[in-house]
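Enquirer: In case you want the letters, here they are:
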Amino acid sequence: MSATVYIAGVGVIAGIGNNTAECLDALRNSRAGIDKIKYLNTRHKDTFPVAEVKLSNDELAALSGFGPDISRTAMLSLVAAREALADAGISNFASLRSGFISANTVGGMDKTEDFFNLFNADPKAGRLRNVVNHECGKVTELVADELGIKNYISTISTACSSSANAIMYGARLIKNGLLDVVIAGGTDALTLFTLNGFNTLMILDTEYCQPFDANRRGLNLGEGAGYVTLVSERVAASLKKPLYCSLSGYHNSNDAYHQTASSPDGTGSFMAMEGALKMAGLNPADIGYINLHGTGTQNNDNSEGTAIKRLFGPYYPKMSSTKSFTGHTLGASAGIEAVFSALSVQQEFVYPNLRFETQIADQPFKPETAFSSQPGLKHVLSNSFGFGGNCSSLIFSKLEA
Amino acid sequence: MYIRSTGNISPQKTFGNAAFPAEVVAHEGNRLNCITPDYKELIDPKLIRRMSRVIKMGVASAIACLNDAGVSSPDAIITGTAYGCLEDTGVFLSKMAERGEEMLTPTSFIQSTHNTIAAQVALLIGCHEYNNTFVSGGASFEHALLDARMMLQEGAAKNILVGGVDEITDISHGILSRFGLYKQGPVSNLDLFSSDTKGTIAGEGSAFFLVSNEASGNDLARLDAVTTFYKPKDFAEVESQIEAFLAANGGLSMYDISLVITGDNGDAKNDEVYHYLENSLFNYCNVLRYKHLCGEYPTSSAFALWYAVKLIGQNTDPATAHTSKIKKILIYNHYLNTHHSLMLLSAC
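Sequence lines, in order, name chains U and B.
In terms of this note's numbering, the first sequence opens at residue 279 and continues consecutively.
In terms of this note's numbering, the second sequence opens at residue 588 and continues consecutively.
No wet-lab data here; the hints were simulated from the structure.
All C-beta atoms in this analysis are idealised placements derived from N, C-alpha and C, irrespective of residue type, glycine included.
Some hints here could point you the wrong way.
Derived PhoX-like pairs: lysine-lysine, alpha-carbon spacing no greater than 25 Å straight-line [what the hints assert, rightly or not]:
(1) U:519 with U:676
(2) U:676 with U:556
(3) B:600 with U:316
(4) B:856 with B:820
(5) B:897 with B:912
(6) B:785 with U:402
(7) U:323 with B:682
(8) U:556 with B:745
(9) B:915 with B:897
(10) B:897 with B:785
(11) U:519 with U:656
(12) B:785 with B:745
(13) B:856 with B:818
(14) B:914 with B:897
(15) U:332 with U:316
(16) U:518 with U:587
(17) U:428 with B:820
(18) U:402 with U:428
(19) B:912 with U:428
(20) U:656 with U:676
(21) U:556 with U:656
(22) B:897 with U:453
(23) U:518 with U:656
(24) U:656 with U:644
(25) U:402 with B:897
(26) B:600 with B:745
(27) U:428 with B:627
Derived, one-sided and incomplete: chain U residues facing chain B with beta-carbon distance under 10 Å [stated by the list, open to error]:
(28) 395
(29) 406
(30) 416
(31) 443
(32) 447
(33) 450
(34) 451
(35) 538
(36) 546
(37) 577
(38) 588
(39) 666
(40) 667
Make a model of the complete structure from these sequences and hints.
Expert: Following this line, the structure appears as structure tokens:
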């Protein structure tokens, strides 16, 4: 059994970079990954800006080592998960009990869409190899096989909070003594299914999104993958490289208000944040930075802001939504933001909330507008809320020197 | 953990005042659809109209399970589903293909997300507690159970609602048939194990369980352990996994097991491992199959667990008609030789 779970490695690919160093460079220099759609073949190309990973499927195949028939979701996952594992520098990995807990919401939908155009006209048409990896779980298995992980392979799908729940589950598998090391996080590729789905909800911004701005218009979708390597105390003690931080708190609550909308008083998000604080044994004032869910929709930012006001007021930590860089990467977002949060608490800096102009009238705080060093930063809270009322919060804490 | 109540909608008469297993329903063809109840008694008719078939099945079996346990709001809701809400996914994909990304409506997109059933149950009963959905293919239900087991061990919950749900749709059946998963030609579910040919029969279902860490004095059975293993290299590894699983649970061996429920699905190749075990590890044990009743699908182990609970409740063994009391049941299943799972139950 391990009382504390540590983060020993991180890996990320997103619209702002193909690895952790590239992403951090973009975050430091306020370089958003949002742009006109280049790779997704959609009618909405000129309407909605998105944060695509800046690689074609062929280029991603070359980078990941997967063949061109494999879903983009799996390719993104493998690139980031492999980085997270290598970064941890675990020399005896093969002899440890390891797990791969990866969240996603689309599975192999990109390939299914290719199949479906033909299949829909003729049920005998369409290449079966394009649907064989449709299921969310298949994407995880493809990547686990490449990483050589066999002991525990699991996939979680709770909409936009998916990878926060994957990280929680991974940590609990270690705490319950079932595993020694877990690569946990999530992945999602941009697909026609999600782009058109969010379009029907009329929450996509036709301009670059402005999370937590009074004049926000909606969200920009993104894609990518983000993973942390979670290790037990025993594994942590055996590593030569310094650990990033501990995962000191987490909590999952349900808003139970509406299938897609968040409650006006932010019940679910309040409970998720409060529960994570309680588990970590912290007071609201101990949190130095909140990596907001901050999608940029009217509804989310009102609800999340109200919950923060209720829990933290009148003294507010630094906060920002890095979705202003990466777009909303759905099932990958909490994984990507866990990587950003781990770097933040380890290196004591906070990220800007790009394009912020006007404070929301009834919210007595505003997000950070510049990258800044924050000496003494000890605890970072990361929020992820999703359809179905699924709300999860994670807390990353600095390790004593 | 203790199983206090169940709710099961399946291709058999398993819901409500269940006629099964005394009465077994025969299905012709390679697709076993669920026998669905009158939902109006369980769900507000205004809500029913919007729900797809799998959401209705999931929500109704979950609510019935809660009602039966007398628990109005559990401390956690955890579901496992390999496919999620296929019908809504198919509707949105078809319309997108037909209308060229224009004139689409949100309902099917909203309801296509894999967590819809867990979310709808939470919404219906106003449950703000832990809510999670596993989509780990053939281990989805088992991973939900493991999550529940850890929560009970952590002291984070007392009563947890856990379910396994998957549906067949015309589209999914069409595609999976092209993969050669199902038997061709006339087939009856009751003859599933007599043909020795390629393919199985498609199934679906929704089975929920209310589990608790405390005995209520009125529990249906005790689930002692659940585990999964992934892509074993050969039959011997399966055998050693089963032995290790039993040994880790109070030093048990097959001599302690009254009955084994196995996941044979009628496909000659798929079932080789079960035949191997019947001639080795399970040699002296009563073995019972279940997929002729519910068909093959990734979360069919939820049906198997329900069946085991039912048998413990009746404490008779229909396979052998011998009358000794069932003390412990082992369930062994695999789905397409990727995820394998073991569950161990005891009579209370």
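Enquirer: Now, for every hint given, state plainly whether the structure supports it.
Expert: Hint check results:
{"no.": "1", "hint": "U:519 with U:676", "verdict": "holds, 15 Å"}
{"no.": "2", "hint": "U:676 with U:556", "verdict": "holds, 17 Å"}
{"no.": "3", "hint": "B:600 with U:316", "verdict": "violated, 53 Å"}
{"no.": "4", "hint": "B:856 with B:820", "verdict": "holds, 15 Å"}
{"no.": "5", "hint": "B:897 with B:912", "verdict": "holds, 13 Å"}
{"no.": "6", "hint": "B:785 with U:402", "verdict": "holds, 21 Å"}
{"no.": "7", "hint": "U:323 with B:682", "verdict": "holds, 19 Å"}
{"no.": "8", "hint": "U:556 with B:745", "verdict": "holds, 19 Å"}
{"no.": "9", "hint": "B:915 with B:897", "verdict": "holds, 13 Å"}
{"no.": "10", "hint": "B:897 with B:785", "verdict": "violated, 31 Å"}
{"no.": "11", "hint": "U:519 with U:656", "verdict": "holds, 20 Å"}
{"no.": "12", "hint": "B:785 with B:745", "verdict": "violated, 45 Å"}
{"no.": "13", "hint": "B:856 with B:818", "verdict": "holds, 15 Å"}
{"no.": "14", "hint": "B:914 with B:897", "verdict": "holds, 13 Å"}
{"no.": "15", "hint": "U:332 with U:316", "verdict": "holds, 9 Å"}
{"no.": "16", "hint": "U:518 with U:587", "verdict": "violated, 41 Å"}
{"no.": "17", "hint": "U:428 with B:820", "verdict": "holds, 11 Å"}
{"no.": "18", "hint": "U:402 with U:428", "verdict": "violated, 36 Å"}
{"no.": "19", "hint": "B:912 with U:428", "verdict": "violated, 38 Å"}
{"no.": "20", "hint": "U:656 with U:676", "verdict": "holds, 5 Å"}
{"no.": "21", "hint": "U:556 with U:656", "verdict": "holds, 16 Å"}
{"no.": "22", "hint": "B:897 with U:453", "verdict": "violated, 34 Å"}
{"no.": "23", "hint": "U:518 with U:656", "verdict": "holds, 23 Å"}
{"no.": "24", "hint": "U:656 with U:644", "verdict": "holds, 21 Å"}
{"no.": "25", "hint": "U:402 with B:897", "verdict": "violated, 42 Å"}
{"no.": "26", "hint": "B:600 with B:745", "verdict": "violated, 30 Å"}
{"no.": "27", "hint": "U:428 with B:627", "verdict": "violated, 45 Å"}
{"no.": "28", "hint": "395", "verdict": "holds, 5 Å"}
{"no.": "29", "hint": "406", "verdict": "holds, 6 Å"}
{"no.": "30", "hint": "416", "verdict": "holds, 7 Å"}
{"no.": "31", "hint": "443", "verdict": "holds, 6 Å"}
{"no.": "32", "hint": "447", "verdict": "holds, 7 Å"}
{"no.": "33", "hint": "450", "verdict": "holds, 5 Å"}
{"no.": "34", "hint": "451", "verdict": "holds, 8 Å"}
{"no.": "35", "hint": "538", "verdict": "holds, 5 Å"}
{"no.": "36", "hint": "546", "verdict": "holds, 7 Å"}
{"no.": "37", "hint": "577", "verdict": "violated, 14 Å"}
{"no.": "38", "hint": "588", "verdict": "violated, 15 Å"}
{"no.": "39", "hint": "666", "verdict": "holds, 3 Å"}
{"no.": "40", "hint": "667", "verdict": "holds, 6 Å"}
Hints 3, 10, 12, 16, 18, 19, 22, 25, 26, 27, 37, 38, counting from the list given before, are not met by this structure.
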